[in-house]
Amino acid sequence: MAGRRAALKAVDWAAFAERVPPNQRPMYNALKTRNDALTARLAALPEKPPAIDWAYYKANVAKAGMVDEFQKKFSALKVPEPVDTQSAKIDAQEQEAAKSTAEYIQASKARIAQYEQQLQKFKNMIPFEQMTFEDLHEAFPETKLDKEKYPYWPHKPIADL
Amino acid sequence: MLSRLVLRAAPAALRALPPPPLAVGVLHATRQLHTTQQSLAPLPPLPEKGGEVRHGLIPEEFFQFLYPKTGVTGPYMLGTGLLLYFLSKEIYVVNHETVAAACILSVIIYGVKRFGGDVAAFADKLNEEKMAKALAVKNEAINSLQAAIDEEKKEQWRVEGRTYLFDAKRNNVAMLLEANYRERLMMVYNEVKKRLDYQVAMQTLKRQKEQEHMIQWVEKNVVQSITPQQQKESVAKCIMDLKALSKGAHAAL
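Taken in order, these protein sequences are the chains called Y and E.
So for the first sequence, the numbering used here puts the first residue at 1; every next one is plus one.
So for the second sequence, the numbering used here puts the first residue at 1; every next one is plus one.
With the rest of the complex left out, here is chain Y:
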């Protein structure tokens, strides 16, 4: 019976719910309702069916041997356990998720580093009151007027004014 008794891991639904991003709420709700439905269904079923009172039946059923036959067949009967087809898939999904999350976290960290860099640049800038135009062009290269491409004033296409 070891394959059957996969112990149910306690899932902290509160912490789970916290981490769900808002655009995936419906999926989370669907999962939760399914889980609740299954829990209810499981709780409603007794773990073992009640024992059949063979003595009573043996005393009362007139047909000879029928009860004995039933009893023998009943105790010999092995109910097949339902085959678990999904666990392997779930494990595979988990592996994939682990990989993709690792990648995502990498990319995310790179992005954070970039943002931090830009943030530092902004924080270390001299205040605008003390800047000359040269300093401004250093800090914001996009403000520099391209005097080679547009040699005549205003040194940028008229549409950009």
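Derived from the structure by calculation, the hints contain no laboratory data.
As the structure is a computational prediction, the values presented were derived from the model and not from experiment.
Note that CB positions come from ideal geometry on N, CA and C, so glycine has one too.
Just to be clear, a hint being listed does not mean it is correct.
Stated by the list, open to error - Some chain E residues well away from chain Y (every beta-carbon gap over 10 Å; in silico):
{"no.": "1", "residue": "G50"}
{"no.": "2", "residue": "K89"}
{"no.": "3", "residue": "L165"}
{"no.": "4", "residue": "N221"}
As the list claims (entries may be wrong) - Derived DEER-like restraints, expressed as beta-carbon distance ranges:
{"no.": "5", "chain 1": "Y", "residue 1": "A62", "chain 2": "E", "residue 2": "M187", "range": "56 to 62 Å"}
{"no.": "6", "chain 1": "E", "residue 1": "M186", "chain 2": "Y", "residue 2": "Y104", "range": "42 to 48 Å"}
{"no.": "7", "chain 1": "E", "residue 1": "F62", "chain 2": "Y", "residue 2": "Q117", "range": "48 to 54 Å"}
{"no.": "8", "chain 1": "E", "residue 1": "Q156", "chain 2": "Y", "residue 2": "A88", "range": "24 to 30 Å"}
Claimed, not checked - For lysine-lysine, the following DSSO-like pairs were computed, each having C-alpha atoms within a straight-line distance of at most 27 Å:
{"no.": "9", "chain 1": "Y", "residue 1": "K32", "chain 2": "E", "residue 2": "K169"}
{"no.": "10", "chain 1": "E", "residue 1": "K138", "chain 2": "Y", "residue 2": "K32"}
{"no.": "11", "chain 1": "Y", "residue 1": "K156", "chain 2": "E", "residue 2": "K138"}
{"no.": "12", "chain 1": "Y", "residue 1": "K9", "chain 2": "E", "residue 2": "K232"}
{"no.": "13", "chain 1": "E", "residue 1": "K133", "chain 2": "Y", "residue 2": "K147"}
{"no.": "14", "chain 1": "Y", "residue 1": "K72", "chain 2": "E", "residue 2": "K193"}
{"no.": "15", "chain 1": "E", "residue 1": "K138", "chain 2": "Y", "residue 2": "K109"}
{"no.": "16", "chain 1": "E", "residue 1": "K138", "chain 2": "Y", "residue 2": "K78"}
{"no.": "17", "chain 1": "Y", "residue 1": "K144", "chain 2": "E", "residue 2": "K138"}
{"no.": "18", "chain 1": "Y", "residue 1": "K72", "chain 2": "Y", "residue 2": "K58"}
{"no.": "19", "chain 1": "Y", "residue 1": "K156", "chain 2": "E", "residue 2": "K154"}
{"no.": "20", "chain 1": "Y", "residue 1": "K109", "chain 2": "Y", "residue 2": "K99"}
Dock chain E against the given chain Y, drawing on the hints supplied.
Chain E alone, transformed into the frame defined by chain Y:
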């Protein structure tokens, strides 16, 4: 970038190296001129206001320069003397252009004195607006970057919750299997019980029917066997019993 700053500072350093013949210590200047040997990087901010001037023309340093020798009135005496010298020696000739200059200058000075403050304030306001816009842009950029960083950190925290998802899924699967198995057991039990109960019920029913039939048959036969003679005798006996009973009842009363 640092190289550019060094290049900018180089002329300052070059100027500073041979001290100028005008001894620096004598000038009680309001500003230090090229005294330091260091090249400052980044450059210190440019001064907001220019050097002090008296009467709009003569720098304050001149008065300070003459003060030790001639006191407060020295420069004015010098100025008056020079002016009189130019006029008397006709180095400066008074002609119609003098009058024109006087009128123009007086108008200009009046205009500047009256409107100078307002114009300056207006120009300052324009500049302030530009600065404020630039500052707003910078602050917004800083805030958005900060928010982006926080968002990324939050997403990373969120991602950690994926274990819950898979646990929940596995739980679901396990519960489903378990429920299925139990249902199957129950089904087996129910079926067997149904069949056995059926047998028992059949038997009890049969027995009941047999009993009923037997009783009826016995009754029928008994009723049939009561001959008319026996009926008359039993009726007469009943009447006699009743009379005895009624006598007994009368006696009791």
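Consistency of the hints with the structure:
Consistency note on G50/E: stated as away from chain Y, and its beta-carbon is indeed over 10 Å from all of that chain's, at 17 Å minimum. The beta carbon of K89/E sits about 48 Å from the closest Cβ of chain Y, which is more than 10 Å, so the claim that it is off the interface holds. Interface exclusion of L165/E from chain Y breaks down, the closest Cβ pair being 7 Å apart, not more than 10 Å. Residue placement check: N221/E keeps its beta carbon more than 10 Å from all beta carbons of chain Y (closest about 28 Å).
A beta carbon spacing of about 27 Å between A62/Y and M187/E contradicts the range 56 to 62 Å that was offered as a hint. About 46 Å separates the C-beta atoms of M186/E and Y104/Y, a value consistent with the hinted range of 42 to 48 Å. Evaluation of the 48 to 54 Å hint for F62/E and Q117/Y yields a pass: the beta carbon distance comes to about 52 Å. A beta carbon spacing of about 29 Å between Q156/E and A88/Y agrees with the range 24 to 30 Å that was offered as a hint.
With a C-alpha separation of about 10 Å, the suggested pair K32/Y and K169/E falls inside the 27 Å cut-off, and the hint holds. As the CA atoms of K138/E and K32/Y are separated by approximately 45 Å, the hinted pair breaks the 27 Å bound. Annotation: proposed proximity of K156/Y to K138/E holds, straight-line Cα distance about 23 Å (limit 27 Å). Annotation: proposed proximity of K9/Y to K232/E is violated, straight-line Cα distance about 90 Å (limit 27 Å).
Restraint check for K133/E and K147/Y: satisfied, since their Cα atoms lie roughly 25 Å apart, inside the 27 Å limit. With a C-alpha separation of about 14 Å, the suggested pairing of K72/Y with K193/E holds against the 27 Å cut-off. With a C-alpha separation of about 24 Å, the suggested pair K138/E and K109/Y falls inside the 27 Å cut-off, and the hint holds. Of the supplied pair hints, the one linking K138/E and K78/Y is violated, its CA atoms being roughly 75 Å apart against a limit of 27 Å.
As the CA atoms of K144/Y and K138/E are separated by approximately 17 Å, the hinted pair is consistent with the 27 Å bound. Note on K72/Y and K58/Y: the hinted pairing holds, with a Cα-Cα distance of about 13 Å set against a maximum of 27 Å. In summary, the hint linking K156/Y to K154/E is not supported, as the alpha carbons are separated by about 42 Å, beyond the 27 Å threshold. At roughly 15 Å between alpha-carbon atoms, K109/Y and K99/Y fall within 27 Å of each other, so this suggested pair holds.
The earlier numbered hints that this structure contradicts are 3, 5, 10, 12, 16, 19.
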